[in-house]
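Engineer: Each chain, written out:
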Amino acid sequence: MSAGDPLIEVEAVSYAYPEAAEPALRDVSLRVMPGEFLALVGQNGAGKTTLAKHFNGLILPARGSVRVAGQDTRAVATRRLAGIVGYCYQNPDHQIFSRTLRREVAFGPTNLGLPADQVARNVEEALRLVGLLEKADDYPFLLGRGERQRLAVASILAMGSRILVVDEPTTGLDLQGVRGIMTLLERWNRELGRTIVVITHDINVVAQYVPRTVVMAEGRVVADGPTRQALTDWAALEMADVKPPQVTRVARRLARYGIPPDVMTVDELAAAIRARLQSVSVSARREEA
Amino acid sequence: MPVGYSIYQDRPSPVHTRLDPRTKLACMVTVFALALAFNHPLVLGALMAAVLVVGIWSQLAIRSFAPFLASAAWFIVLGILIWPFYIQQGATVLHVGGVRFTSSGVLFGLAMGLRVGLMVTAAGVWMMTTSPQKMTLGLMRMGLPYKAGMAMSTAIRFVPLINGERLTIMEAQRARGLDLTRGNPLSRAVRYVAVIGPMLVRALDIAQALAIAMDARAFGVRNARTSIIEIGIGPVDRLVLAGCAVAVAVALALRFLGIGLIARNYL
Chain A
1 MSAGDPLIEV
11 EAVSYAYPEA
21 AEPALRDVSL
31 RVMPGEFLAL
41 VGQNGAGKTT
51 LAKHFNGLIL
61 PARGSVRVAG
71 QDTRAVATRR
81 LAGIVGYCYQ
91 NPDHQIFSRT
101 LRREVAFGPT
111 NLGLPADQVA
121 RNVEEALRLV
131 GLLEKADDYP
141 FLLGRGERQR
151 LAVASILAMG
161 SRILVVDEPT
171 TGLDLQGVRG
181 IMTLLERWNR
191 ELGRTIVVIT
201 HDINVVAQYV
211 PRTVVMAEGR
221 VVADGPTRQA
231 LTDWAALEMA
241 DVKPPQVTRV
251 ARRLARYGIP
261 PDVMTVDELA
271 AAIRARLQSV
281 SVSARREEA
Chain B
290 MPVGYSIYQD
300 RPSPVHTRLD
310 PRTKLACMVT
320 VFALALAFNH
330 PLVLGALMAA
340 VLVVGIWSQL
350 AIRSFAPFLA
360 SAAWFIVLGI
370 LIWPFYIQQG
380 ATVLHVGGVR
390 FTSSGVLFGL
400 AMGLRVGLMV
410 TAAGVWMMTT
420 SPQKMTLGLM
430 RMGLPYKAGM
440 AMSTAIRFVP
450 LINGERLTIM
460 EAQRARGLDL
470 TRGNPLSRAV
480 RYVAVIGPML
490 VRALDIAQAL
500 AIAMDARAFG
510 VRNARTSIIE
520 IGIGPVDRLV
530 LAGCAVAVAV
540 ALALRFLGIG
550 LIARNYL
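Just so you know, the protein sequences line up as chains A and B, in that order. Anchor point for the first sequence: position 270 equals 270 in my numbering, and the numbering is continuous, going up by one each time. Anchor point for the second sequence: position 109 equals 398 in my numbering, and the numbering is continuous, going up by one each time.
The shape of chain B in the complex, shown without the other chains (with noise of 0.2 angstroms):
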C-alpha cells in the first residue's frame, strides 16, 4: 500500500491489519478519556509505558517514539516548573526565592506532563499505525463528508512535502547570502520573508495543480464513492471496543472514588 507523506509505518503487525481504523480511533480517545480520568503520575507513566508496549508490539521503530518522547519531556518540565506555584499541599521539598515547592505540586506537574504526552504519543501511536486512506475512510464511515474527508488526508499527506519545499526554499536562499541564524529574533522574523514568500507562492501552486487534477478526474462528481480500501468491524473489534468501554467506564468509577488521583479538586 502507497504510504504517501505521512508518519504511518506499513507493518504486518495485528494492530495494522486487525484492527479496523475506526477501533484505533476508539482506542485513542479511550486513552485520552483514562489520560483525562487520573492526575496521578504513577497511574499515567504507567498508561504511558502502556501506550509504547502498544507502539512497539506494532513494531513501529523505536526511534520514531523519539519526537513524541522529547515532546513528552518538554511537557514534563514545563508541568514541574509551573504547577508548584498553584499547588501548595504536601511536604516542602525546596524553597526558591520565597517560592515553596511541594512534594504534591511537583508530582501533579509531572502528572501533567505526562498526561500531554501520553495523549500525544497515543495520537502518534494511532496515526503510526493507521494509514492516511484507512484513516479518512474510517471517518466517512463515521459520518464526515467526503471531500472534509479528502482534504483531511490531503493535508496530512501535505505536511512533509510542504516542509521539504521550506528546506529547498532556505537553501535557495542560503546560496543568495540569506543567513537566518544571526541577529536578534525580531531580524531573524523580518528575514524569513524570504522563505515564507516562496513557500506560499509553492503552496498555492500546489494546490492549484492539484484541484487541476482531481478535476480532471472527476473529484466531486457523485456525493458518495466506492472505495478502493475495504473496512469492517470484525469480532475482534467488538472485542476491543468493548474492552475500551469498560476502561472508560472503570476510569470514571475510579475518579469517582477518588483512586488515581494526586490533587481531588484539580481535572
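Same shape as in the complex, but just chain A (with noise of 0.2 angstroms):
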C-alpha cells in the first residue's frame, strides 16, 4: 500500500442481516484516506454501524469487496485488522470488565501481542490521553458514564490502531463530556495523524468537529463530501430524514437577506450577519453622501 491509497476501500457491498427482510446495505462504495476525520450519520437502521462493522471484519461483505490498508478484509480474522481498526462501541459497559482502568486499557494491545513494555507505555499515554491517568488503579465501575466512555477510548486508543471507529460517542454524555470526548477525537486526529470515523446522531457535533460526512439512508451513501457540503444538500437530507445544524437552517431561511446559507456554527452565523450589517451600512453611508 503506498501513501496515496486508501486506508479504507468500500466497493459496491451489499449486506443482508440473516432473516431480515430489507438488505441493511445496499450496493455502498466508501473510500478513506489516512489521516481523514468523518461522520456517519443517518436514521436509524440507515447502515451505519453495519458499515463500520465491515471495517474490521466483525461483518463481511455478501457482495462487493472491503480492503483495510490494502488488505481484504475476507482474507484477515478480525483479531489481526483489530491491530489496524480500533472499534469503540457505543455502550461502555459492553466491554469493561477488568479491575483497574490499567488492567482494562491493557486488554487490548495485549490480546494484539504486544510487548510488556510497550502495552505499559501505551497504556500510560492512552490514560493520559483521555484525562484518567490519575485514576489508573482505580475500580472501573465506579467511574461516571463520561469517564467510562473515555476508558473506553482510551483501551482503543492503547492498542495504536491507525483507524479509530467510535460507535454514538456521545450518547448519554452532558455538554462538559461531548466537548472532552470530540476534542480528545480531534487532537488524536490532528496531531497524531490518526483516521477517525464518527457514527453519530448529534448533527451539532458533526458540524462543529468532523470535517467529511457520509450521509446514510436505508443502507445506501446519499451524500458524501466535506461536512459544509453534505450538511447542505438538502435533497439527500431529506431522503435521510436528517436534519441539519438549527443554525444552518436559521442561515437558509437568510440566505435571501445575502446571508451564506452554508454556515455550520453560531459564531460562523454572527459573523456572516455582522459581515452583512456592515456591507448594508457602508452602503446606506455611500447613497447618503
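Since the hints were derived computationally from the structure, they do not count as laboratory data. Even glycine gets a Cβ: it sits at the ideal position worked out from N, Cα and C. Treat the hints loosely; a few may be bogus.
[To be verified] Covered stretches of chain A (in silico footprint by chain B; criterion: 3 or more residues with CB under 8 angstroms from a CB of chain B, positions within the stretch not fixed): (1) 52-64; (2) 79-86; (3) 93-102; (4) 153-164.
Make the complex out of the two chains shown on their own, each in a separate frame, by following the hints.
Structural biologist: Quick look at the structure:
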C-alpha cells in the first residue's frame, strides 16, 4: 500500500442480516484516506453501524469487497484487523470487565501481542490522553458514564490502531462530556494523524468537529463530502430524514438577505450577519454621501 | 399482541385461539406422561409424529422445529451409544471390542433418545403456541403467586435479550483482539472472562433498571391484580382435558399390561 492509497476502500458492498426482510447495505462504496476524520450520519437502520462493522471484519460483505490498509477483510481475521482498526462500542459497559483502569486498557494491546514494556507505555499514554491517568488503579465500574466512555476510548487508543471507529461517542453525555470526547478525537486526528470514523446522530457535533460527512439512508450513501457541503445537500438530507444544525436552517431562511446558507456554527452565523450588516451600513452611508 | 422476546409464534390457529393456556399445559404434561409410560421406539416415534402434526396444524414455521429435532437427534445418538451397555437382551447386532450390542439395547437407546426428544419438542410446541403473557396468567390462575409469575415471564423474556447482549459484548471484545476460537478449552474458558464480566454487569444493570421502572409503575402495590388478557376454560378445553385424562389412564393400563414396552423392567 502506497501513501496515496485509501486506508479503507469499500467497493459496491451489499449486506443483509440473516432473516431480515430488507438488506442493511445496498451497493455501498466509500473511500477513506489516511488521516481523515469523518462522520457517518443517518437515521436508525440507515446502515451506519453495519458499514462500520465491515471495517474490522466483524461483518463480511455478502457482495462487493472491503479493503483495509490494502488487505481484504475476508482474508484477515478480526483479531488481526484489530491492530489496524480500533472499534469503540456505543456502550462502554459492553467491554469493561477488569479490576483496574490500567488492566482494562492493557487488554487490547496485550491481545495484539505487543511487548510488555510497550503495553505499559501505551496504557500510560492512552490514560493520559483521556485524562484518567490519576485514576489508573481505580475500579472502572465506579467511574461516571462520561469517564467510562473515555476509558473505552482509551482502551482502543492503547492498541495503537491507525483507524479508530467510535460508535455514538456522545450518547448520554452532558455538554462537558461531549466536548471532552470530541476534543480528544479531534486532537488525536490532528496531532497523531490517526484516521477517525464517528457514527453519530448528534448533527451539531458533526458540524462543529468533523471535516467530512457521509450521509446514509436505507442502506445507501446519499451524500458524501466536506461537512459543509454534505449538511447543506438538502435533497439528500431529506431522503435520509436528517436535519442539519438549527443554525444552518436559520441561515438558509436568511439566504435572501445575503447570509450564506452553509454556515455550520453560531459563531459563523454571527460573523455572517455582522459582515452583512456592515456591508449594508457601508452602502447606506455611500448612498447618503 | 406483542410477542416480546420469546419463541412464541402468533398465529390464528385453533390451538392458539381456542385453547386455554392451562389446557395446553395439561396436553404437554400428558405427552410427558405418555413418554414415560412407554419405552417402545415405535410408540414414542408415533407420539413424536403426533406432536409435530399438532405443531404444523398450529401453523408454526416448519424450520422452528429444527432446534428441537436436532436436540432429539443428539439424544438418540447418545441413547444408542449408551444403553446397549446396560441392556443385553435380544439378538446380537454388533460386537465392538468385547462389548455386545443387542437389538433390544439399540432399540431401547433409540426409545430413550426419542423420549427426551419428544418431551423437548412437546415443551417447544407449548411455548411456541402460548404467549408468555397467557402462559404466566394461566399459571397464576392455577395458584402461582403473582410476583413469581411475573418473575417467570420476565426470565423468559430476558433470555434472548441477554443473549443479544452476549453477542454484542463478544463483538466488542473481538474488536479488541480477543480470540475465543483458539487454544485449549481451559484457555478459552479463561478468555471468556472478558465476555462474562460485562455480561453480568449488563444483566445487573438491566435488572436494576427494570426494578426501578416496575416500582415507578406501582408493581406489588396489590397482591392480586387484573389482567388485560382474559382466559377461561371453555367446552373445547373440557373436551381436550377429558381426552388427556383418558390418554393418561389408557397409557397407565397399557403399561401395567406390558404393552408398548421394549424392556419391561425399565422405565
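Engineer: Could you run down the list of hints and mark each one as holding or not?
Structural biologist: Verification of the hints:
1. 52-64: holds (count 3)
2. 79-86: Coverage by chain B holds here, the residue count being 5 at a Cβ distance below 8 angstroms.
3. 93-102: It holds, with 6 qualifying residues against the three required.
4. 153-164: It holds, with 3 qualifying residues against the three required.
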